[in-house]
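Peer 1: Letter by letter, the chains look like this.
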Amino acid sequence: MYALIRLEIKKIISQKKSWMGIIAIIIINGLFAIGFLINEQKRGDQASKVAQDFLVSDFMNASFFTQTILGPSLFLIFPMLISILASYIYAGEFEVGSIRMVLMRPTSRIQVLLAKFVTVSLYSIFMLAVLGGLSYIVGSIFLKQTDTLIIPGVIYEIPKKYGMIFEFTGADKFIRIFLSYFFAIPMLLSVCAMAIMFASITRHFTSAAILTTTLYFSSYIVGIIPFLSSIHPYLPTTKWYAWKYLLVPDIPWDMVINHLIWSGGYTAVFLGIAGAIFNMRDV
Amino acid sequence: MAILEAKDIHKSYGKQTVLNGIDLTIKQGEIFGFLGPNGAGKTTFIKIMLGLAMPQKGELQLMGEDIFVNRKHAIKQVGAVVEAPIFFDYLTAYENLYHIVSLSGPISRQKILDVLELVGLSTAIDKKVGTFSYGMKQRLGIAQALLPDTKFLILDEPTNGLDPHGISGVRSLIRKLRDELGITIFLSSHLLIEVEQVCDRVCIIHHGNKVFEGVVAEVTQSEQTIVEVKASKELDCKSWNLLKSEEHHGLQQLTFELDKQEIPQLVQSLIDQNAEIFQVRSEEPNLEELFINLTKDKHLDVRIDSFGN
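Taken in sequence, the protein lines are chains P and C.
In case it helps, my numbering puts the first sequence at residues 1 to 283.
In case it helps, my numbering puts the second sequence at residues 1 to 309.
These aren't lab readings, by the way, just hints derived from the structure by calculation.
Keep in mind that a hint or two might mislead.
Stretch by stretch, here's where chain P covers chain C in the computed footprint (C-beta under 8 Å, at least three residues) [what the hints assert, rightly or not]:
hint, segment
1, 86-100
2, 116-127
Derived pair list, reagent style DSS-like, types lysine-lysine, alpha-carbon separation capped at 25 Å [unchecked claim]:
hint, chain 1, residue 1, chain 2, residue 2
3, C, 128, P, 10
4, P, 10, C, 233
5, C, 128, P, 11
6, P, 11, C, 260
7, C, 72, P, 10
8, C, 72, P, 17
9, P, 11, C, 76
10, P, 16, C, 76
11, P, 11, C, 127
Glycine included, every Cβ here is placed at the ideal spot set by N, Cα and C.
Extracted from the complex, chain C is given alone in its bound form (with noise of 0.2 Å):
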């Protein structure tokens, strides 16, 4: 069954194109990636996918409702964070999460200490939000987005302002709540790792436009491989699926697409042609290769990095 159905998205901001045409589909139980550059749309996308942005044009169901005509229904077991968790502060942990859930429809204390707890907050139940830290926080914004009964959990860059036992304990927990709890996860962020580590699935946008979406594991356990291979002198390749070859301080550096299954015999092939083999490297494919190739823009654009990658 499909939690999110998603068809042709556009959203646009006066003469600024933030989704062009975006479809995406993510099925029960699944921990979904979407990434992407900042600007790319994510926070845009999720803004419509809750109901809080309109899109100009373009259909979405969640949990099987429209989420444009029965708004109230479809996100009854929905919860989120989007951007960064804000909380009233002159309230405590408990008040916070009783009175926002509430509004979902009545909520026992017992359920909102479970959470807590589950979100390692249990101790900072009756202090004021306003003395938490970030990342405290961000752990109190998934807290609030997992009740009252939540089936699907929107996170927007959860690991933000998180330390490094923080971020380590939100992929955890994300991995629980999906293994134990059977809560279907769409986790934006632009953090590769983030989804390489607990995703299912992935999409990557860009200036708008899905430019790919896939299962993370054939990304990453691809049988193609890059090898660089840097030889004494000029070497026959034709047989071979020779991407670049190029003279670095009197090597020969080749870089070759092949079969993880194909190196040895690439080795044995150029020291059959008496070269001298200095180095071979085999580069395992992963999401951040793609990523960065899909998201590469000729034209420097401030909004995916400071380095004009």
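Next comes chain P alone, as it looks inside the complex (with noise of 0.2 Å):
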């Protein structure tokens, strides 16, 4: 198993298309720099001289940076990365035939599936870590550092039960940045065993990309459309997002648990029915 992994881990690395998720990072981080730049400035430009500094020192700052950027990362850009990757490691290989190479070797089938699942998701962890420190330097650059991280609980659709303004200052602000970051780590898994169980049914990367975005993005909007809430407690998605419960001031752990195990029970599912079908079929 470990030789598995680190056969896959040095193909991800060798190849130079695998660091376009850098690329991407580099890509969302820019913009975001540039529109927290420009809204800077027009507040600047109408705001008050006392407004402005509340604006500009307590609340666009580098954790504020950081923390919002983790928003359209997840529910956009790390989908999609994952979904290419994953469909590529795996549904790519048969189409080229470079796995039956390595199925010749004294290796199950669903070592090979785990070892790519494995390998897809250190990647999500990499890229997750690359995002967050990437985005702290950049927010660090452009934007003052101070003590306290203010999050409006409605860009991450965080219920409004819970509040509408977050507010974290010292030890806690770094805390609840480093476990919204952490906990968005199941639902990355989640997305990479949905891209590896088409990959296994299709055996082919487009359609296998394809499907894993179309599934992921249609069951997200559908779940932010309030009229279809009758349909939002079936959709596959809506139990992926334990991470922005932690950016409530009095986390509330029985929805992050509630969570966390609605999204690795669909990761053993699709893990499941792809080593099933791999198993079953001639290479």
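Hints in hand, dock the two standalone chains.
Peer 2: The structure is reproduced here in structure tokens:
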């Protein structure tokens, strides 16, 4: 298993296209930085000196930048990146035939599948760390570093019953940022498992990537349309967002655990289907 | 000891039968040729041997283990190149071998270098496989199949895409592997000359059926021979095994099947009948003749060849 994971990591590291994820993170950081700077300029022109000082110093700081960038990255960019990568390293190898070379060795198909899952998961965690680190650096360069992290709950679709604006200071600020990033991992694993399932079914890179992104984004979009609320409980992505509850001052652990269980359940089911299909079919 | 023992292997895809009750035994230390026209089911059988495909029916023991029950153990000392040799183009030859072979257990750098030397790729160790020619990839495929400690080597069309030097090199390598390292080799090919030159035994399959299995030397060194005689007039050949008699450009063309030792007597008997003999041609029995006869289809089948032979 270790040799399989090492091979998969070597393959990812050696391919230039794997590093497109970093470029995506740089692009979103750049756009966010420009957006923040323009916004700051506008506020500077319109607000009074007192209001400007408050907004710039206490609200628009590096911590806020790092935390704000997580939402769109997790809702949109990471699912897309992970879908493409997982489809590529699994279905792509069926298409090329290189998976046969690995299977001619004394390894089981389940081990091969799990090695690919673990590797994409490690890649996702690495990219999450890059996102957190880079956005904090960019935020520190363009925005002031102050002690307060203010989070408007609405930007993460946190239910209003937990409050509207959350404020953290000192070490708590960094702990919340870390926890929200850390608890995003199960969601990324679910997306990865979904892509591996579609890769196992289709054995075709493009089809697997399209099916995964379509299912994920459709589910996400339907999940935020209020008048479609009757279907929300049945959507796969409804309970994948444990990470956002870590931003509530009094963490609702029941919700966190509930989302983690659902996300873990989906991951297990997706991988189970992928494994069963992989085991049944000729290579 | 049997390295491979397959019994009654059946495989079909939908309504199409690919293998129809194949029985095969491969003994330790032999080079076994597996012949068949394109689409005969050769690669499917190899995939079943390696546990990459499941038959609908049948048993297969590889290295004494049931491949469908204990695949991991059975495959441990088996190396194979199935269809085209496919590697990770963005890795070097060494990196490819190291990472792939490590899946079978620990492997030393020296062992990899020795095998690359054996297949003639010692100067391309650190070159990316993406820059390799097809022939070089074929040789790298064989290197991969030989590591870490292969006792049974399965080669599927190993000389495909090689130039004449490469083909000759692979054939010498196959013989060397058996003679010097004692490796049992299963060689699937549609190149009759290749099988004739290097194999001890051969099996021919056609439309998923085994149509022949035997010792190559017995086929090629048989005392029976086909003799063609062109004579000036119709002759009495009742005492000989005459297969065919036809007139061609005013000459009588006679085809006999007989023992090589009988050729002088046949000629003498024809001369005794006052015939003028214009040509006597003896055709040595070969695998090609056998193969063509066994795999000839009455109905045109595009899988055999484009000429309907």
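Peer 1: Take the hints in turn and mark each one as holding or not.
Peer 2: Checked hints:
{"no.": "1", "hint": "86-100", "verdict": "holds (count 8)"}
{"no.": "2", "hint": "116-127", "verdict": "violated (count 0)"}
{"no.": "3", "hint": "C:128 / P:10", "verdict": "holds, 14 Å"}
{"no.": "4", "hint": "P:10 / C:233", "verdict": "violated, 78 Å"}
{"no.": "5", "hint": "C:128 / P:11", "verdict": "holds, 13 Å"}
{"no.": "6", "hint": "P:11 / C:260", "verdict": "violated, 62 Å"}
{"no.": "7", "hint": "C:72 / P:10", "verdict": "holds, 24 Å"}
{"no.": "8", "hint": "C:72 / P:17", "verdict": "violated, 33 Å"}
{"no.": "9", "hint": "P:11 / C:76", "verdict": "holds, 24 Å"}
{"no.": "10", "hint": "P:16 / C:76", "verdict": "violated, 33 Å"}
{"no.": "11", "hint": "P:11 / C:127", "verdict": "holds, 16 Å"}
Violated hints, in rising order: 2, 4, 6, 8, 10; the structure is consistent with all others.
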